[in-house]
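Undergrad: Sequences are here, hints too, so could you generate the full structure?
The chain contents come next:
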Amino acid sequence: MARYILTRLLSLLISLTVASAVIFALIEIIPGDPAAFMLGINAQDDTIAALRAELGLDTSPLERYFGWVSGMVTGDFGTSYTYRTPISEMIAERLWISLPLALIALALSTLIAFPVGILAASKRGSLTDTIVMGFTQLGVAIPNFWFAMLMVLVFAINLRWFSAGGFPGWDEGLFTGLKALTLPAISLALPQASILARVMRSALVDTLDEDFMRTARAKGLNRRQAIQRHALRNAMIPVLTIIGLQFSFLLAGAIIIENVFFLPGLGRLVFQAISQRDLIVVESVVMLLVFAVIVVNFAVDIAYVLVDPRLRRQG
Amino acid sequence: MTLLEIEGLSLSINGSPILKDISLSLKQGRILGVIGESGSGKSMTAFAIMQLLPSGSKATGHLRVLGFDMLAASEDDLCKMRGNDVSIVFQEPATALNPLKTIGDQVAEAILIHEPSTTRAGAQVRAQTTLERCELPAEQFPLTLYPHELSGGQRQRVVIALAIALRPKLLIADEPTTALDVTTQAEVLQLLKRLVTEDQMGLMLVSHDLAVVAGMADDIVIMKNGEIVESGVATAVFQQLRHPYTRALYAASEHVPDRTPPRSTARLLSVTNLVRDYRLPRTALFAAPQYFRAVDHVSFDIFKGESLGLVGESGCGKSTLTRAILGLETVQGGEMYLDGMPIAGGRHVDRKIRRRMQAVFQDPYGSFNPRHRVDRLISEPFHLYEEPPSSDEKNEAVVGALRAVGLSPEDQFKYIHEFSGGQRQRIAIARALITQPELILLDEATSALDVSIRAQILDLLAELANSYGLTYLFISHDLSVVRAITDRVLVMRDGRIVEEGKTEQVFSAPQHPYTRSLIDASPVLPKNANH
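Protein sequence lines correspond, in order, to chains A and B.
Counting from 1, one number per residue, gives the positions in the first sequence under this note's numbering.
Counting from 1001, one number per residue, gives the positions in the second sequence under this note's numbering.
No lab work stands behind these hints: they were computed from the structure.
All of these numbers come straight from a predicted model, not from anything done at the bench.
Careful: at least some of the hints might be erroneous.
[What the hints assert, rightly or not] The calculated label-pair distances, taken between Cβ atoms and stated as ranges, are:
1) R1293(B) x D206(A): 15 to 25 Å
2) A1287(B) x S60(A): 35 to 45 Å
3) P1054(B) x Q225(A): 53 to 63 Å
4) L127(A) x S1012(B): 16 to 26 Å
5) D206(A) x R1376(B): 24 to 34 Å
6) D209(A) x A1287(B): 38 to 48 Å
7) R3(A) x T1144(B): 12 to 22 Å
8) R3(A) x V1256(B): 27 to 37 Å
9) D206(A) x A1287(B): 29 to 39 Å
10) D209(A) x E1504(B): 39 to 49 Å
[Stated by the list, open to error] Computed cross-link-like contacts, DMTMM-like style, restricted to lysine to aspartate or glutamate with a CA-CA straight-line distance of at most 25 Å:
11) K1502(B) x D1459(B)
12) K1058(B) x E210(A)
13) K1058(B) x D209(A)
14) K1058(B) x D211(A)
15) K1527(B) x E1254(B)
16) K1304(B) x E1463(B)
17) K1101(B) x D308(A)
18) K1502(B) x D1199(B)
19) K1101(B) x D209(A)
20) K1027(B) x D1199(B)
21) K1101(B) x D206(A)
Heads up, the beta-carbon is just placed ideally off N, CA and C, and yes, glycines get one too.
TA: Shown next, in the form of structure tokens:
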């Protein structure tokens, strides 16, 4: 088990190294002079020269790469060219919105998907199954920004339960902050919940046909006990895979929802940085997101082994 | 005391009748053998007793376990009885256990579910005792093991342990040894017999194998198409063989096809010092790779027109050897010649050689592409010719092959799902015949078939050998079949040939202790006067 974790950690480090090299290469080396690109076509020569010096473009790419990586390891992400503030501060500020939003959405999605998937699987072929799966089909098909606008219309404009957008900050109190994230989290969670429920159902249906489920019933377990004690954990492997993918997506892919609700999250930060050609910010935020995805995958790998003892014997 | 009483039990699933008017009973301390071929309803009878039937099932009649009416019982009452008063052991030990739970937890669960006042630790202690009763000593088999760390026979002992943990009065065993090797089968049957005596249980042993049941049962029920055709005390049933179906089953079980012994002394296939190593998964990142030797310096010859048997238990390397001969494995040493031409292992086997040998495999369901018609399935080996035959020639060959295996020419337009298991195996043989090969490798080709179908296929193989001068390599774990159809036999163990000789000689006077143990473990049919 320890060896398994060690090899996974090693592979995590290799992935991070490769990813950082690729991001660095794509942004700094390939499209010509980054300073000229950042300043646009009307830039003065001396402004470009000043930016080149600031970016350290006179030194070799290898030196810059190691400077960038060692900076990130120590928490120094550089300074944003547009805002003239340290990028680490900007990211921290945005992360305080994006991370809770992703976690709430993921929790919601899982809380909805598990019971729905289990219900549909245990009543497979029945009317309940058909209806529930029909709704998840709808959930997958409806674009989440449209659903988000619908919710703003109903809950913010008509009922006035929530504000239509913006984030007051956590200083206003936990409740106020959570309230501002409720509608965005629901709109993010619903399509994810639909996908997860369908995966849960099909994984569980496969497990219910296994011979050991018959053994469980023959021991004297009733249907519910047999599903709880024997089927659920066996159905977890595909479900864990999807949960891992969804977390990465929710963290980075919330740009549209952040825009609909006017939330200053990471997605919007990347979007703004790209439109302002602030390559220093883009590079760092993308690296951070890649880091998150790789760490989540690592966590999922560890979860597989905790769930399935058969995976433990390999290296 | 009568543990099980069934009277006039009929069962239908979604309207189609499965069981018709079944009546049987089982008393304490006795073993009831239920015999039948696939589709006879023997397993459904077992599931009906447990009331673990598929949805859409409707049962009528009387079914009492310990005097308790199972058909009228509520689901809650049934849950209390299952595992406590009546238990079942299933056929497939590989899948009957939850792969994610330790064997200790799985046995302990059977106790905890019925006795909620028991502590977890107490249940674990009792699980340990039960596993030891099933001959899994704690030192070698701690409770913390997972099913994948056990062999098939050991898993079946765990399944038996969780069935008998609460000492039920009635135990049902549905083909408990069908998936096991003969020596393991003998041990598991012995175990069941001992448990029946110790706990004074009633055992209902469901099996397709007459010989297995004959060695165990006090009473016997023979089923066909959902009905009981004959029942009675075991010795009397086997002595008298009153019902024609019983007679037919008996005859099919020990059927020996008519064959002419081979005359030729020319070698068709010769194998010398063949070695096949498999690389094992790494134990550490930079460790030197470890190897498992599946075939260990094997040498033998097959003479033209003979039928050579290859017997051995699962994992002995017989299938790897078969694949190596077909040129499907990269071998690490040794030489193989077919009629003097070398067979290169791995990717580049000469087509001329390939079309001179063909194979028939075990699973008549899995070895065909379900989306192709029979004519395409059978004519597939024609790609082994440099110049493919014209469509007329092809058609003629397909019709010829179908006729040779006893099917009609119209069958070429059908799909594989339209055929029964026995017919599919005939189609597999037709596919093997189409290139007019000299050598056919039959890898467990009759193992998945019912006895009566198996007898027909053995006859067909004998007939084809006589008329086409075919040579067979007959690979099987089933000694009785090998004895019936081969001239010489090889006994394989752990990748080596441990004994080789004329079939009758090897079976009547085995030299190697391993061969002796295999023969001793094989169940035998009782001798019969009428037969």
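Undergrad: Would you pick out the hints that fail for this structure and give their numbers low to high?
TA: When the structure is compared with the hints, numbers 1, 3, 8, 18 turn out to be violated.
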